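These protein sequence lines are chains A and B, in that order. If you read the first sequence in this note's numbering, its first letter stands for residue 5, the second for the next number, and so on. If you read the second sequence in this note's numbering, its first letter stands for residue 4, the second for the next number, and so on.
Calculated directly from the structure, the hints in this document are not laboratory data. All figures in this text were calculated on a predicted structure; none of them were measured in a lab. Hints may be right or wrong, so weigh each one.
[Said to hold, decoys possible] Restraint ranges, calculated between C-beta atoms of paired labels, are given here:
hint, chain 1, residue 1, chain 2, residue 2, range
1, A, Ala509, B, Phe59, 24 to 32 Å
2, A, Ile416, B, Glu31, 29 to 37 Å
3, B, Ala22, A, Glu228, 25 to 33 Å
4, A, Ser417, B, Arg122, 33 to 41 Å
5, B, Phe140, A, Leu57, 47 to 55 Å
6, A, Leu382, B, Arg122, 51 to 59 Å
7, A, Trp10, B, Ala18, 51 to 59 Å
8, B, Asn151, A, Pro388, 50 to 58 Å
9, B, Asn151, A, Glu476, 39 to 47 Å
Using N, Cα and C, we set each Cβ at its ideal position, and we do this for glycine too.
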Amino acid sequence: MIEGLWIGLSTALQPLNLLMVVIGCFAGTFIGMLPGLGPISAIALMIPVTYGLDPAAGLILMAGVYYGAIFGGSTSSILINAPGVAGTVATAFDGYPMARKGMAGKALAIAAYASFSGGTIAAVFLLLAAPALASVALSFQSPDYFALMVLGLTAVSAFAGRGQFLKALLMTILGLMLATVGQDVSSDISRFTFGSIDLLDGISFLLLAMATFALSEALMLVLEREKPSSEAEKALRGGMGTLKLDRREVREIVPVIGRSSLLGFLIGVLPGAGATIASFLAYGMERHLAPPERKEEFGKGSLRGLAAPETANNAACSGSFVPLLTLGIPGSGTTAVMLGALISFGIQPGPRLFVERPDVFWSVILSMYIGNIILLILNLPLIPYIARLLALPRQLLIPLILFFSLTGVYLISFNSFDIQLMVLFAIVAVVLRLAGFPMAPMILAFVLGRLMEENLRRSLLLWDGSLAFLWERPITLGIMIVTLLVLLTPVVQFVRERRNRIVMAGEGG
Amino acid sequence: MLLHRDRVWALIFLALAIAYGIEAGRIELYFGGEDEAFTARTFPMALAWAGGITAFLLLISPVDPEPAPSLREIRRYDWMRVLALLVLMIAYGLAIQRIGFFLSTSLFLLGGYAILGERRIWMLLLASFPVVAAFQFLLQGLLGVYLNDPFLTLLGITG
Numbered sequence: 005m006i007e008g009l010w011i012g013l014s015t016a017l018q019p020l021n022l023l024m025v026v027i028g029c030f031a032g033t034f035i036g037m038l039p040g041l042g043p044i045s046a047i048a049l050m051i052p053v054t055y056g057l058d059p060a061a062g063l064i065l066m067a068g069v070y071y072g073a074i075f076g077g078s079t080s081s082i083l084i085n086a087p088g089v090a091g092t093v094a095t096a097f098d099g100y101p102m103a104r105k106g107m108a109g110k111a112l113a114i115a116a117y118a119s120f121s122g123g124t125i126a127a128v129f130l131l132l133a134a135p136a137l138a139s140v141a142l143s144f145q146s147p148d149y150f151a152l153m154v155l156g157l158t159a160v161s162a163f164a165g166r167g168q169f170l171k172a173l174l175m176t177i178l179g180l181m182l183a184t185v186g187q188d189v190s191s192d193i194s195r196f197t198f199g200s201i202d203l204l205d206g207i208s209f210l211l212l213a214m215a216t217f218a219l220s221e222a223l224m225l226v227l228e229r230e231k232p233s234s235e236a237e238k239a240l241r242g243g244m245g246t247l248k249l250d251r252r253e254v255r256e257i258v259p260v261i262g263r264s265s266l267l268g269f270l271i272g273v274l275p276g277a278g279a280t281i282a283s284f285l286a287y288g289m290e291r292h293l294a295p296p297e298r299k300e301e302f303g304k305g306s307l308r309g310l311a312a313p314e315t316a317n318n319a320a321c322s323g324s325f326v327p328l329l330t331l332g333i334p335g336s337g338t339t340a341v342m343l344g345a346l347i348s349f350g351i352q353p354g355p356r357l358f359v360e361r362p363d364v365f366w367s368v369i370l371s372m373y374i375g376n377i378i379l380l381i382l383n384l385p386l387i388p389y390i391a392r393l394l395a396l397p398r399q400l401l402i403p404l405i406l407f408f409s410l411t412g413v414y415l416i417s418f419n420s421f422d423i424q425l426m427v428l429f430a431i432v433a434v435v436l437r438l439a440g441f442p443m444a445p446m447i448l449a450f451v452l453g454r455l456m457e458e459n460l461r462r463s464l465l466l467w468d469g470s471l472a473f474l475w476e477r478p479i480t481l482g483i484m485i486v487t488l489l490v491l492l493t494p495v496v497q498f499v500r501e502r503r504n505r506i507v508m509a510g511e512g513g
Numbered sequence: 004m005l006l007h008r009d010r011v012w013a014l015i016f017l018a019l020a021i022a023y024g025i026e027a028g029r030i031e032l033y034f035g036g037e038d039e040a041f042t043a044r045t046f047p048m049a050l051a052w053a054g055g056i057t058a059f060l061l062l063i064s065p066v067d068p069e070p071a072p073s074l075r076e077i078r079r080y081d082w083m084r085v086l087a088l089l090v091l092m093i094a095y096g097l098a099i100q101r102i103g104f105f106l107s108t109s110l111f112l113l114g115g116y117a118i119l120g121e122r123r124i125w126m127l128l129l130a131s132f133p134v135v136a137a138f139q140f141l142l143q144g145l146l147g148v149y150l151n152d153p154f155l156t157l158l159g160i161t162g
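With the rest of the complex left out, here is chain B (with noise of 0.2 Å):
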């Protein structure tokens, strides 16, 4: 028989609760400082405990037995184009120090307005590269923010 969902995560919450103990059992303390009333451990080991026994009770307590979202719902979601944003997500965030605010925030735009299913070239550019100029002319001219922008460096457009 399958667990049903709730018991599952109050599994994941009680090795996450023992796993945090155990990590704050590892924190290390100034020489002496096992005595003190009060030290870099105290907090952690009383959330660890606390965090043990709630999951106990949400394991043990009676569950619904029809959760919602139910799990076919949740199958007839559209992951591919959640995990193609995610995987955008991350690649921004490899980019951004690399090309530069203007060039990487654009791509990133154009790129989700793609997965998102826009078509149309002239939005796809029109939206992208023209809104991150005006927001970057806005940090930049206006507020005084610096970006480090070395593709902006490379056509001479900033210093």
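Extracted from the complex, chain A is given alone in its bound form (with noise of 0.2 Å):
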């Protein structure tokens, strides 16, 4: 383990690799803040660049990316109550009342501190944690990974909010359907590629990622008429107030640190959780633990209720590389985005990742010590002038973002197909947004898809032909009880309601 950190550290202090983090840093806080995008898309538009890096380095800049855009994400929330990602929701709820009250500055700097915290726990956690869970997972075989992506996918829909379980379930199984397009990889039979030679390959995962995302936020806030650069521009206009925090204030969210941080992690590594959940889990368990007085704060402009969901965010977006880097199974949208793009560098991430690529995965992990530093001393000084980016008219922001979506796309497979690809997916994705589709249960299944079907086939052959397989292993049989429990959780959720809207309906009548 020493070892490998300092491999990993060595890795990570490369002035290249401190370059990627700073510019993954301030990219993903711009594209962060802007109301609308999100992490996903803001590692999506980023991908292109990472082709011309070695893994180490692209993985480094989209770690930076995804912490810039939570922080991007709580700049928006806190200064014109525009969360530009979910994770970021919860900020708004204590951030803007802040802000509406001339305190903007403090506002983000208990953003920043907050997150910073969160994030560095966090990280100490992941590098106890990621170690132990890859030397277990070693003994991993086809049918525990293949349980595994089941119950990743499966929480993903649990998890995806009240009376979406259905939805999100489609939108999983459309993913894996897509994955299926192309030549199959044992076989190398063409599967629904109606006679074209361009589905020969399959879909390209960072076209979907960018189709889905990128193109389709941007899309959605010209459909949505939505004028971010106009508030903002009032909301800078009121000033910013100081960035200091006196004594007592240190003194009140310190203890909530400690607890968001912990929370956040371990929601993290669940798969399907994330950082929404976990931010409002925080703010949920602060609102209950906070004395009478305090309580009533919460909503007006609470720092404790400002603290819980942005320490909480951050701790779960580094406990959501756990299972990533240890199992290779991304548990959220946004690190199923980077799976895709490790798979495309031809890394393979799991358990083999901390023995074979010890300089990816320990570098990985020291990067976001790294990335929270930079946030913190870069980043919080000069939000004032970053927050001015949001200013800018949206004539011109939003073709700039379709122009990086469609060329960074174009300039990899150099084939216009591509981009009318791209286009028809976008359609149905904003198609489905209005609907109440959730579009990072498809991404994650999309990415899922072929390993899925891959450990399926081992599974099935080792067994022969038998589904024996999923109970007959320990291991196999304990996570897909697991996974049955997961399901029944909005099953359960359904009924209860149901229960008590009777009750109520009774007492009423």
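Two chains, two separate frames, one set of hints: put the complex together.
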């Protein structure tokens, strides 16, 4: 471990890699700040750039973008009450009221300190948990991997939100279906290509990610006639106030940060849960724990209410790297995009990564510390200036996003068919978004599709075509039981809500 | 009575799952491949069943009476601009290899700005041609990415 840490440290501290963290943090902050554009879009927009880099530098850049995007999302939540990402919705509950009271600078500083602490504490947990889990995972076989992927995809759907379970599950299946387009990996038989040579290699994950996130999110901004620039101008004109915190304020948020870091990390490790659930749970927990006089401040500019979700969402980001780096199974849409990028680098994340590519494994973990430091010492003082970018007119910003998305894909394949396919996917994505279908389960399933089919193939061949592999190995059986429990969660929730409604109707009548 | 939006989507997904299943059944296998424990059809067939069952469950499950955004909100959206941008993107895809990266991308950006309401001529020109020129210089001049550009070749700028 010490040797691996040393290799990681020397890789992460190489000037190019340090530059990548800085660029990543800045680019992520800017993109994450734009309302409607989340970390998945931010990372997808960066992928074409990473193809020219070595895998460690590419992943470091993406990790920087991820952190930056979350931080950027907090900035727009606080300044203009328009969270760039779902993970920072809870930040707006108390961050925006603070900004309206003329304490935007203080709110941004708390967000930055909380993000830094949450990210750093969780990175320490990651440092300890990842190698331990990786060594356990070395004993995993194809049935276990298959079961884990089923668990991951089920969990993403189950945690998609109230009443969203079936829709998320359908999107998961759609993602898996899209992954089957092209030549079958083991037999080279073409499937669902409809005679098109352009589809023989399958659908590129970058194309799908760009179309369903960056392109469709930009088109949604046009559709909804959102004008973030005018709101931002107003917020910036109002002034930022001081960035400093006094001793009482620090004393108030320190225990919140400690609790929310642990909670955020644990939620982040769970497949499918991620930053959004972590931030809401941390907010709820702090509200519950607060003394009565402090409880009333929640929603009106509470320091605890701001620090809790900010800490938890960053800690969850670090936590979500645990299943990605140790099992090769992403727990969220964002880490799924990263997995897609890693696979295109020729690297297969999983327990072997820890042994075979310690430079990638450790440098990514260590670059998270560096990313957090950069966000704190460079981004925070520069926020008033970076926020000015929000005031860029929408009519210039959106065509530029479309341009980077389209050319990002075109410059890899040099095939104009890809642009047409992107437009088609973007149209479908916009329509599905309007109908309330979440996109993250689809991209996660798409990235896992081929791996899942390969592991199912191996398992079925080993068990002579029998599904008994699902219960004959204790590890597989354990994972499948957890999957069933996760599947039952929305059902139980539904039954409970229905019963409450009937009771309430009975009382009312 | 109008069918609820979620039910319409359930029917669409059900139709998709059936069509996908039919197409999965048509995947050609090697001679004798049908008897193997796992073929190129196995996974797609399982997905078709899973998709069909899930779509059916959505069809019969209780629905949210007021889904967001409401149909009234959707009707108020800026569809014309989005449609114009989609046409512009398709045209860009058709033009990029015919007239080259520089001209097609510059015109794409210029058109995009104009569709979204930018009317200042100097801004339209400044934010399109010079931006693409700088981007192309970065790609070709610094990163060594080859871009076939008939327009710039015609002007004698690239070889």
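A quick look at each hint next to the structure:
At roughly 28 Å, the beta-carbon separation of A/Ala509 and B/Phe59 lies within the given 24 to 32 Å, and the hint holds. Checked against the hint of 29 to 37 Å, the pair A/Ile416 and B/Glu31 passes, with Cβ atoms roughly 30 Å apart. Between B/Ala22 and A/Glu228 the CB atoms are about 32 Å apart, so this pair conforms to the stated range of 25 to 33 Å. For the hinted restraint 33 to 41 Å between A/Ser417 and B/Arg122, the CB-CB distance of approximately 35 Å keeps it satisfied.
The given range of 47 to 55 Å is broken by B/Phe140 and A/Leu57, whose C-beta atoms sit roughly 20 Å from each other. At roughly 37 Å, the beta carbons of A/Leu382 and B/Arg122 sit outside the given window of 51 to 59 Å. Checked against the hint of 51 to 59 Å, the pair A/Trp10 and B/Ala18 passes, with Cβ atoms roughly 57 Å apart. Distance hint for B/Asn151 and A/Pro388: a CB-CB separation of about 44 Å, inconsistent with the stated range 50 to 58 Å.
Between B/Asn151 and A/Glu476 the beta carbons are some 56 Å apart, a value that contradicts the proposed interval 39 to 47 Å.
In summary, the structure is inconsistent with hints 5, 6, 8, 9 from the numbered list given earlier, while agreeing with the others.
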